[in-house]
Amino acid sequence: MRQESIDLMGVLLSVRDLQTSFFTSDGEIRAVDGVTFDIDEGATVGLVGESGCGKSVTALSIMRLLSRGTGRVVGGEILYRGENLAEYSEAGMRRIRGNEISMIFQEPMTSLNPVFTIGEQIGEAVRLHQGVSAREARNRAVEMLRLVKIAEPEKRIKDYPHQLSGGMRQRVMIAIALSCNPRLLMADEPTTALDVTIQAQILDLIGELQERLGMAVLLITHDLGVVAQQADDVAVMYAGRIVERAKPEIIFSRPMHPYTVGLMNSVPGATGKRRRLEAIPGIVPSPLDWPSGCRFRTRCTRADDACAHSPPELVEVEPGHWVSCLKVSAADAPVLAVEA
Amino acid sequence: MFTYITRRVTGTIPVIILISLLVFMLVQSAPGDPADLLLSDEATEQDVAEARARWGLDQPVWVQYWKFFTAAIQGDLGTSFRYADPVLSMILDRLPATIELSAFSILIAVVFGVPLGVWAGARPNSWADNFGSLFGFFGISMPNFWFGIMLILLLSGVLNLLPSSGRDTYGIASDPITGFYLLDSILHRNWKALWDGLAHIIMPAIALGTNMMGILMRVTRSSVLEVMHEDYITTARAKGVNERNVLWRHAVRNAMIPIITVVGLELGTLLSGSIIVETVFSWPGSGQLLISAITARDYPLITGTVLTYTMIFVVINLVIDVLYAVIDPRIRFDK
Ligand SMILES: Nc1ncnc2c1ncn2[C@@H]1O[C@H](COP(=O)(O)OP(=O)(O)OP(=O)(O)O)[C@@H](O)[C@H]1O
Ligand SMILES: [Mg+2]
Chain A
1 MRQESIDLMG VLLSVRDLQT SFFTSDGEIR AVDGVTFDID EGATVGLVGE
51 SGCGKSVTAL SIMRLLSRGT GRVVGGEILY RGENLAEYSE AGMRRIRGNE
101 ISMIFQEPMT SLNPVFTIGE QIGEAVRLHQ GVSAREARNR AVEMLRLVKI
151 AEPEKRIKDY PHQLSGGMRQ RVMIAIALSC NPRLLMADEP TTALDVTIQA
201 QILDLIGELQ ERLGMAVLLI THDLGVVAQQ ADDVAVMYAG RIVERAKPEI
251 IFSRPMHPYT VGLMNSVPGA TGKRRRLEAI PGIVPSPLDW PSGCRFRTRC
301 TRADDACAHS PPELVEVEPG HWVSCLKVSA ADAPVLAVEA
Chain B
1001 MFTYITRRVT GTIPVIILIS LLVFMLVQSA PGDPADLLLS DEATEQDVAE
1051 ARARWGLDQP VWVQYWKFFT AAIQGDLGTS FRYADPVLSM ILDRLPATIE
1101 LSAFSILIAV VFGVPLGVWA GARPNSWADN FGSLFGFFGI SMPNFWFGIM
1151 LILLLSGVLN LLPSSGRDTY GIASDPITGF YLLDSILHRN WKALWDGLAH
1201 IIMPAIALGT NMMGILMRVT RSSVLEVMHE DYITTARAKG VNERNVLWRH
1251 AVRNAMIPII TVVGLELGTL LSGSIIVETV FSWPGSGQLL ISAITARDYP
1301 LITGTVLTYT MIFVVINLVI DVLYAVIDPR IRFDK
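Residue numbers (the numbering used here), protein chains in the order written: chain A, 1 to 340; chain B, 1001 to 1335.
Keep in mind that the hints are not guaranteed to be accurate.
[What the hints assert, rightly or not] If you anchor each label on the Cβ, the simulated ranges turn out as follows: (1) E143(A) to W1195(B): 52 to 60 Å; (2) E83(A) to T1269(B): 51 to 59 Å; (3) R1123(B) to E83(A): 51 to 59 Å; (4) V196(A) to S1141(B): 33 to 41 Å; (5) A1325(B) to E154(A): 19 to 27 Å.
[Stated by the list, open to error] Selected chain B positions facing chain A (in silico; Cβ < 10 Å): (6) K1067; (7) Y1232; (8) T1235; (9) P1329.
[Stated by the list, open to error] Some chain B residues flagged as far from chain A (calculated, every beta-carbon gap over 10 Å): (10) I1013; (11) Y1083; (12) P1176; (13) A1236.
Simulated from the structure, these hints should not be mistaken for laboratory data.
Ideal placement from N, C-alpha and C gives every residue a C-beta, glycine not left out.
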């Protein structure tokens, strides 16, 4: 009992059975359909999955920034420090955005406003949330640029985005996101659009700043290698659902969901060993018309009739290792089997 | 920025020379002889020949042009055949009226067109958007002279609310300072004259500005609509910026770039439209002067007026280019 309440206190963000749909002329797109995960204070959770599986929509649902009119959270709840974000007013939500929860995006080239200086864009959030003067906001902008390791910050704040490289712009995005000391940073594929050499620098920077500022990070990526290094917890998403969740050591040493296994095989060196690049056969089904039962069954080598009947529950096959697959049971988990 | 402007100004010189040549040729090739049109019916063969010699019409076109050109670069646009007054001073007398009318029309177009467009673009397919589109369509498809005549019929004829012609009521206006009546009345604190000036300008300005307003509203709408889908708009929202500032601060500034291009292009249309609208409303501007000069084949006056309009276009284009640089840092010059 006591143990549990302490656990709850450590949880910063709790996403419970989140369902988000887009209502378009083609019908309801169930982009996210039952996603559950927790992020502890100061922890890093990696959200991994192929393009289109609903990672960005999950993050945007948390921020309540779904495109108005079409996108809507239709089920589940998002608890931030124990409070349901759906119950916040729009003004209340704005006090959270950029202040308590911030976000950086995949495309540094287009995520900064081309007509404002870097200094103005960093200062804007600070002035908004901390009510400081223009001068203090400017100083804070300089300080933030120094923090993200941009040389000559006093000069750089007067630059416009087009004067910076992609890597520099992503650093500026990080500076904006962290300018108000958020408790949670959601990084939506922060390095996908960057050169390989810059990717590592940006990830290291996020890791370093996280340690220094003590915030939690939701690291969204389709690169398993990235989460292997940084995450405390990994959630693998497929077709709007979480199919497997565990600590990275566990997931990388014994992936259980056939999709995770396939994903590992398609990444060279992700499992530590060099393997032949093995893409998962088939294509991701359309979110307008998900397959019945298990959504991976159309691409799964182990699928049979049973998989089409009902969607598999996410079950704990060994302590801290959750898998949603009819073909995987506790018996497959070696540790648990030995202990039992 | 300064070197950029100098470069642009020098670049326009050949354009102006070319235009002057073209206008000169066109005017000369138009049917009808000024001497026939301007002299009385009783004029003898000899009178006509004398007039032609006095106006230089007996010389080859090249010689005429060269004379015109050398005088023009010294600021002399020649003498009107009909009025025997210097063309330049005639134009300068009339120009303030044209500029005032055009500026007022642009003001109306921008003040109504841009906010309506932003409003519609921020809420696509709402009733506001539909209303705006209808309004824009109305503005674009209406010919200004027809709209002007309809306004006169309704507001002056039927309702007797506004004066149908001219720039002021005789005797009310203050002494000119700038030549712009509205400005002069304000400078003189002559509120009665200001009111009178507004009553005269409002109808021709609406007739002239409605087209541009419609176009501006449409362009603004689509520009805002497009900008609102940009990634940096999501970034602004993710920072906690409220929807009003997302729209008016983050989106509109970016949406302005195509809008300015359109304003620049449409200014030309507006200026040429003013020639007709001035005639419809008997507005004593240089457009009216041009029309009467054309009817009389008053060559120097036609050439001078058209050249003046050309210069205005050139200046407008320059101003537009500078405005780009002010709004969009990506096109700032010396750096
Ligand atoms: N505004 C929208 N309107 C309609 N459908 C949308 C919208 N945004 C996302 N979707 C749909 O939701 C699904 C999930 O999209 P999402 O952007 O979350 O994928 P993702 O996992 O982030 O992929 P990626 O790795 O490419 O970023 C997609 O099928 C997409 O078509
Ligand atoms: Mg995405």
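Here is how each hint holds up against the structure:
The hinted range of 52 to 60 Å is satisfied by E143(A) and W1195(B), whose Cβ atoms lie roughly 57 Å apart. Distance hint check for E83(A) and T1269(B): the Cβ-Cβ separation is about 57 Å, which falls inside the suggested range of 51 to 59 Å. Restraint check, R1123(B) to E83(A): a C-beta distance of roughly 31 Å breaks the suggested window 51 to 59 Å. Distance hint check: the CB atoms of V196(A) and S1141(B) are about 56 Å apart, inconsistent with the given range 33 to 41 Å.
Remark: the range hint 19 to 27 Å for A1325(B) to E154(A) is upheld by a beta-carbon distance near 24 Å. Given the 10 Å rule on beta carbons, the hint for K1067(B) is violated: about 51 Å separates it from the nearest Cβ of chain A. Here the hint on Y1232(B) is kept, as its CB sits about 4 Å from the closest CB of chain A, short of 10 Å. Taking 10 Å as the C-beta contact cut-off toward chain A, the hint placing T1235(B) at the interface holds, the least distance being around 5 Å.
Of the supplied interface hints, the one on P1329(B) holds, with its beta-carbon coming within about 4 Å of a beta-carbon of chain A, less than 10 Å. Every Cβ of chain A is farther than 10 Å from the Cβ of I1013(B); the closest lies at roughly 33 Å, confirming the non-interface assignment. Non-interface status of Y1083(B) relative to chain A is upheld: no Cβ of that chain comes within 10 Å, the nearest being about 51 Å off. Every Cβ of chain A is farther than 10 Å from the Cβ of P1176(B); the closest lies at roughly 41 Å, confirming the non-interface assignment.
Residue-level check failed: A1236(B) sits 7 Å from the nearest beta carbon of chain A, not beyond 10 Å.
Of the numbered hints given earlier, the model fails hints 3, 4, 6, 13; all others are met.
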